[in-house]
Amino acid sequence: MVGMTKKKTAFWIAVFLLPNLIGFLTFIVFPLLSSLAISFTNWDLISTMEFVGIDNYKQLMADKEFWAAFAHTITFIIGYLPLVMIFGLACALLLNRKVKLRAFFRAAYFLPVVTSWVAVSLVWKWLFNPSYGLINYFLSFVGIEGLNWLQDESLAMPAIIITSVWKDIGFVMVLFLGGLQNISTSYYEAADIDGANSWKKFWNITLPLLTPTTFFVTIISLINSFQVFDQVMIMTEGGPGGATNVLVQNIYNHAFRYFEMGYASAMSWILFIVIFVITLIQMKMQKRWAD
Amino acid sequence: MLLPFLWMISTSLKNQGATMVFPPQFIPDHATFQNYKDVTEAFPMLHFLGNSLLVAVLTTLGQLLLCSMAAYAFARMQFWGRDKLFLLYLATMMVPAQVTMIPQFILMKNFGWLDTYQALIVPGLFSVFGTFLLRQAFLSIPKELEEAAFMDGANHFSIFWRVIMPLSKPTLATLGIFSFMQSWNNYLWPLIVINDKSFATLPLGLSLLQGRWETNWNMMMAGVVISVLPILAVYLFAQKYFIQGMTMSGMKE
Chain A
1 MVGMTKKKTA FWIAVFLLPN LIGFLTFIVF PLLSSLAISF TNWDLISTME
51 FVGIDNYKQL MADKEFWAAF AHTITFIIGY LPLVMIFGLA CALLLNRKVK
101 LRAFFRAAYF LPVVTSWVAV SLVWKWLFNP SYGLINYFLS FVGIEGLNWL
151 QDESLAMPAI IITSVWKDIG FVMVLFLGGL QNISTSYYEA ADIDGANSWK
201 KFWNITLPLL TPTTFFVTII SLINSFQVFD QVMIMTEGGP GGATNVLVQN
251 IYNHAFRYFE MGYASAMSWI LFIVIFVITL IQMKMQKRWA D
Chain B
1001 MLLPFLWMIS TSLKNQGATM VFPPQFIPDH ATFQNYKDVT EAFPMLHFLG
1051 NSLLVAVLTT LGQLLLCSMA AYAFARMQFW GRDKLFLLYL ATMMVPAQVT
1101 MIPQFILMKN FGWLDTYQAL IVPGLFSVFG TFLLRQAFLS IPKELEEAAF
1151 MDGANHFSIF WRVIMPLSKP TLATLGIFSF MQSWNNYLWP LIVINDKSFA
1201 TLPLGLSLLQ GRWETNWNMM MAGVVISVLP ILAVYLFAQK YFIQGMTMSG
1251 MKE
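If you're matching them up, the sequences are chains A and B in order.
For the first sequence, the numbering used here begins at 1 and goes up steadily by one.
For the second sequence, the numbering used here begins at 1001 and goes up steadily by one.
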């Protein structure tokens, strides 16, 4: 820097960087490395830590509960992802036009996004109440009665999926709105001259040009949904009969209910690897689009 | 989309008998604020509200300061290993929170911080995402501005505080709102580090409410309304920054 001694510069670098760096190393890098180390031990927080090599990982591979949690997470994703994408895109398309009360609708769709998962989960738990819930009341109009949503092994996951889709539509919508605004209007004007109808315009212009956004939103939602937890913990705690025991619920149970820190850490590393692979795919694909 | 919210408000105004009526009533016969009174008197809802405010405000302010200072160093200063260090920061962004949460909990335990405000605040201060976001913003500010100031004898601190920070207000606002919301809505971390109810934040408090009054849905919904109103107010006030924050958090890679 102009007119500054080396010593002075070093002082300022330290002042600006060190507080953050120390915290970064203490609360992010150190936990990250120790989590890997702990995953090779059988630590229970009380007795001394014992190195067990890759035993935890071997045990995980044979652990039916873990694979069930994996499968439940996949079930969640298969149900959640297409729905949230379709509804999110539909809302974005509608609100990208100059409709009446646009600002109001945008705010309404975004409201669940800013609300905490705990609040949302409690409201939906009440909506799904088998005796006095609004959902069963509406279903009774079409002759479906007495569904025991959160206590029924086959309905608990759909209930969690419905809740999650409702909460996240606004988030997906905002990302799609961003993508839609990047499409030049000249394409649509040209299509108008050719006399294309709106369905054709959507199919031949909007959707193809929206591909990078769609891919990006898919990846983000996918990563988020591998980490699904709050709504599960509040609505079912992984039940009934383990039917909604997802990966993070399983990690939470093993770490903070059974205090199997080593085993739970190994699980969290499997989760990390899955997310890492998804991220790698994203980076690869993004490069292709950037060129 | 709004129906669940309307149903929440409607339930919060009912007496317990009215919640157990089928078919359900949308507009209660005898609307009452009694539930709000009960849930704040018989249950420390307002105390949780205070905890949430304290934690969210301190986390947000601390994060803004720490992130912007490091971002200034990364964007505006030359030092050995700077780019490699920043790459290390970036690399940790794809690590899911569940990986670091177990060792972080053990750290809190060893510090003797379980059931303290420090546990709720301190680990949340160091946001890699925030550092990244502010670095990007600082990089876009022309170099000439600070060179002129240096000529006039300004030091790094006054450049940072008088030139860089004021020019980055929109990004700071976005990050601030975003980290406030994250802190306000965080459930998993308080669930892990807080056992003593007196340190519970609103999301944790609500889950305790659930354990206590499983069937008093009118009381529960009053509690939920109390937890939603503040963030809703902030949202309506700063909608633009909320949406920017959410969009950018999605684009953090």
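These are computed hints drawn from the structure, not numbers from a lab.
Just so it is clear, the structure is predicted and the values come from calculations on it, not from any experiment.
One or more of the hints may lead you astray.
[Unchecked claim] Pairs of lysine-lysine, DSS-like flavour, derived with a Cα cap of 30 Å: (1) A:K100 with B:K1240; (2) A:K98 with B:K1084; (3) A:K100 with A:K200; (4) A:K287 with B:K1109; (5) A:K64 with A:K201; (6) B:K1143 with B:K1037; (7) B:K1169 with A:K284; (8) A:K200 with A:K98; (9) B:K1143 with A:K8; (10) B:K1197 with A:K8; (11) B:K1109 with B:K1197; (12) A:K6 with B:K1143; (13) A:K7 with A:K100; (14) B:K1143 with A:K58; (15) A:K201 with A:K98; (16) A:K7 with B:K1109; (17) A:K8 with B:K1084; (18) B:K1197 with B:K1084; (19) B:K1240 with A:K7; (20) B:K1197 with A:K6; (21) B:K1240 with B:K1169; (22) B:K1240 with B:K1037; (23) A:K287 with A:K200.
Inset, instruction - Would you mind confirming whether the straight-line C-alpha gap from B:K1240 to A:K7 stays at or under 30 Å? - result: Distance ~43 Å between B:K1240 and A:K7 Cα, so the pair is violated.
Legend entry - Restraint check for A:K100 with A:K200, where alpha carbons must lie at most 30 Å apart: 25 Å, holds
Legend entry - Hinted pair A:K201 and A:K98, Cα distance within 30 Å: 17 Å, holds
Inset, instruction - Take the C-alpha atoms of B:K1197 and A:K8, compute the straight-line distance between them, and say whether it is at most 30 Å. - result: Between B:K1197 and A:K8 the Cα gap is close to 48 Å, so the pair fails against 30 Å, i.e. violated.
Inset, instruction - For the pair supplied as a hint, B:K1109 and B:K1197, confirm whether the alpha-carbon distance does not exceed 30 Å. - result: 17 Å, holds
Inset, instruction - For the pair we were handed, A:K100 and B:K1240, check the Cα-Cα distance against 30 Å. - result: Roughly 19 Å between the alpha carbons, so the hint for A:K100 and B:K1240 holds.
Inset, instruction - Measure nothing beyond the straight line between the CA atoms of A:K7 and A:K100; if it is 30 Å or shorter, mark the hint as holding. - result: 62 Å, violated
Legend entry - Pair hint A:K287 and A:K200, alpha-carbon separation not exceeding 30 Å: OK: A:K287 and A:K200 at ~29 Å, within 30 Å.
Legend entry - Hint consistency between B:K1143 and A:K58 [alpha-carbon to alpha-carbon, up to 30 Å]: 55 Å, violated
Inset, instruction - Decide if the proposed pair is consistent with the structure: A:K8 and B:K1084, CA atoms, cutoff 30 Å inclusive. - result: 23 Å, holds
Legend entry - Pairwise hint evaluation, A:K8 against B:K1143, where the allowed Cα distance is 30 Å at most: 20 Å, holds
Legend entry - 30 Å Cα cutoff - pair B:K1169, A:K284: 34 Å, violated
In summary, the numbered hints that this structure violates are 2, 4, 5, 6, 7, 10, 13, 14, 16, 18, 19, 20 and 22.
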